[in-house]
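Trainee: Chain residues, written in single-letter form:
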Amino acid sequence: MAIRYPDKAVISGQSVIAKSNIPFLIMPGDGAANGCQFTGTAGAFTLAATFNTGSGAMLAGCYAYLSASFGGSELPAGWYWTEFSSDTAGIVYAETYTSGTPRRPATKTPISVNLTGWATATTNEVAGPTGFVLPSNALGKNGWLEFLTAYIGSITGTRSYRLRTNNVADVPIMTVGSLTSGPVGNSLTLCQNVDSHTVKLSSRNSASGWSGVGQNNTTLASQNKSFDTSVDVPLVVTLSNSSNLGAACLLGFTLKTTYGD
Amino acid sequence: MARQTFPNTVEGRAAANAVASPKHIIERLSDWGVLTGTDMPESVVTREITTEEFRDRFTAAELLAVVSSDDAAIKYALLKLSIKAIPMIDLDNQEVVATVGRLVTLGLITAPRATAILSS
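Chains as they are written, first to last, in numbering that gives the first Met the number 0: chain B, 0 to 260; chain L, 0 to 119.
Hints are computed from structural coordinates only; laboratory data are not their basis. Glycine included, every Cβ here is placed at the ideal spot set by N, Cα and C. Be careful, since some hints might not be right.
As the list claims (entries may be wrong) - Residues of chain L clear of chain B, computed beta-carbon distances all greater than 12 Å:
no.: 1; residue: V9
no.: 2; residue: K22
no.: 3; residue: H23
no.: 4; residue: P40
no.: 5; residue: T49
no.: 6; residue: T58
no.: 7; residue: A72
no.: 8; residue: A115
To be verified - What follows is a list of derived Cβ distance ranges for each label pair:
no.: 9; chain 1: L; residue 1: T58; chain 2: B; residue 2: T253; range: 23 to 33 Å
no.: 10; chain 1: L; residue 1: L77; chain 2: B; residue 2: P104; range: 50 to 60 Å
no.: 11; chain 1: L; residue 1: T50; chain 2: B; residue 2: T197; range: 53 to 63 Å
no.: 12; chain 1: B; residue 1: T95; chain 2: L; residue 2: A17; range: 48 to 58 Å
no.: 13; chain 1: B; residue 1: G30; chain 2: L; residue 2: A110; range: 34 to 44 Å
no.: 14; chain 1: B; residue 1: R102; chain 2: L; residue 2: T58; range: 51 to 61 Å
no.: 15; chain 1: L; residue 1: L77; chain 2: B; residue 2: T49; range: 31 to 41 Å
no.: 16; chain 1: L; residue 1: G100; chain 2: B; residue 2: T95; range: 50 to 60 Å
no.: 17; chain 1: B; residue 1: R102; chain 2: L; residue 2: E61; range: 35 to 45 Å
no.: 18; chain 1: L; residue 1: D70; chain 2: B; residue 2: G71; range: 34 to 44 Å
no.: 19; chain 1: L; residue 1: A97; chain 2: B; residue 2: V112; range: 50 to 60 Å
no.: 20; chain 1: L; residue 1: D89; chain 2: B; residue 2: T45; range: 49 to 59 Å
no.: 21; chain 1: L; residue 1: T50; chain 2: B; residue 2: P104; range: 43 to 53 Å
no.: 22; chain 1: L; residue 1: T104; chain 2: B; residue 2: G71; range: 27 to 37 Å
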């Protein structure tokens with residue numbers, strides 16, 4: 000069931016529409032000699048090298064994306080509950096995230112088979128936290144949408160974190176880019192209604208970085224939006240990395256609305 | 000078609016990957032979406048690096064030769080670099096490419112070094 004924050008009545012002021020405080024990580028790996036390697040005991044793994052010093056402590060509990068048939072198994076692709084014990088070791092469990100506000104699982108079930116081999120991370124865009132709804136008229140005709148993100152990653156490749164409608168073919172609502180030179184940071188991107196439910200202006204939407212409060216650039220980037228907020232808008236947050244060692248990791252996000260008449 | 004959807008199965012994923020490039024794939028638990036043509040989002044691949052990273056691509060001897068140069072074009076480029084508002088260098092920017100080429104013309108770096116400096 001989709002999550003509605005709050006119920007669909009018009010709420011003046013600010014409302015939290017969606018949030019996640021559990022990190023989502025695309026587990027890095029080139030399938031050969033770098034990144035994640037499963038060590039042959041259930042879901043235990045090591046990383047050939049840390050993707051960022053100190054990351055292990057931040058990922059003591061997270062959901063890690065692993066592609067289908069990871070570790071020599073027949074397990075499907077998905078977001079698996081994972082606990083890092085250090086920067087370069089941890090355990091993947093059988094519990095997965097599917098939808099709604101991410102939570103710690105109530106149980107930790109060992110993977111039923113002994114995983115082995117190197118993981119190969121996808122460089123496709125991956126749907127992460129999902130099942131949220133921007134309620135109809137939550138913005139009014141002159142409201143604001145705020146997308147606050149926190150992220151880490153490696154200095155290899157570039158990463159993007161996008162807020163999309165459930166129709167992923169639509170132009171993203173917000174795109175936050177994290178460059179090789181800046182894999183660690185926070186971003187606050189904005190979208191405003193221009194006295195209309197369909198005419199919108201947003202922060203720079205750029206996979207090349209420089210989007211959000213405090214980030215200045217000389218060029219515009221995909222800042223006209225037209226999705227209709229007079230109706231419910233199902234939402235999903237996605238992650239991507241250009242390199243399979245990019246380790247895109249969305250530490251958390253909050254999506255807030257400010258209603259405007 | 001600019002937008003296609005395939006089931007998240009072995010066969011579906013194979014079909015998605017078989018779509019001719021360039022393409023952009025979005026993986027969901029239920030299905031894979033493949034965007035092509037004008038529906039593709041902005042590429043995540045960028046050849047922008049920080050000015051510090053750009054500086055570090057030169058050897059100490061090359062840097063010394065550059066700052067010691069009396070060439071007007073090089074002086075101009077160094078001045079612009081030193082007061083750049085956004086500390087990023089686009090390796091595909093024509094002015095950057097031309098300036099690095101100027102260094103080769105002046106004999107301050109070699110052509111293979113210019114290629115290496117402007118590489119990804």
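Trainee: Out of the numbered hints, which ones does the structure contradict?
Mentor: 1, 2, 3, 4, 5, 9, 11, 12, 17, 18, 20, 22
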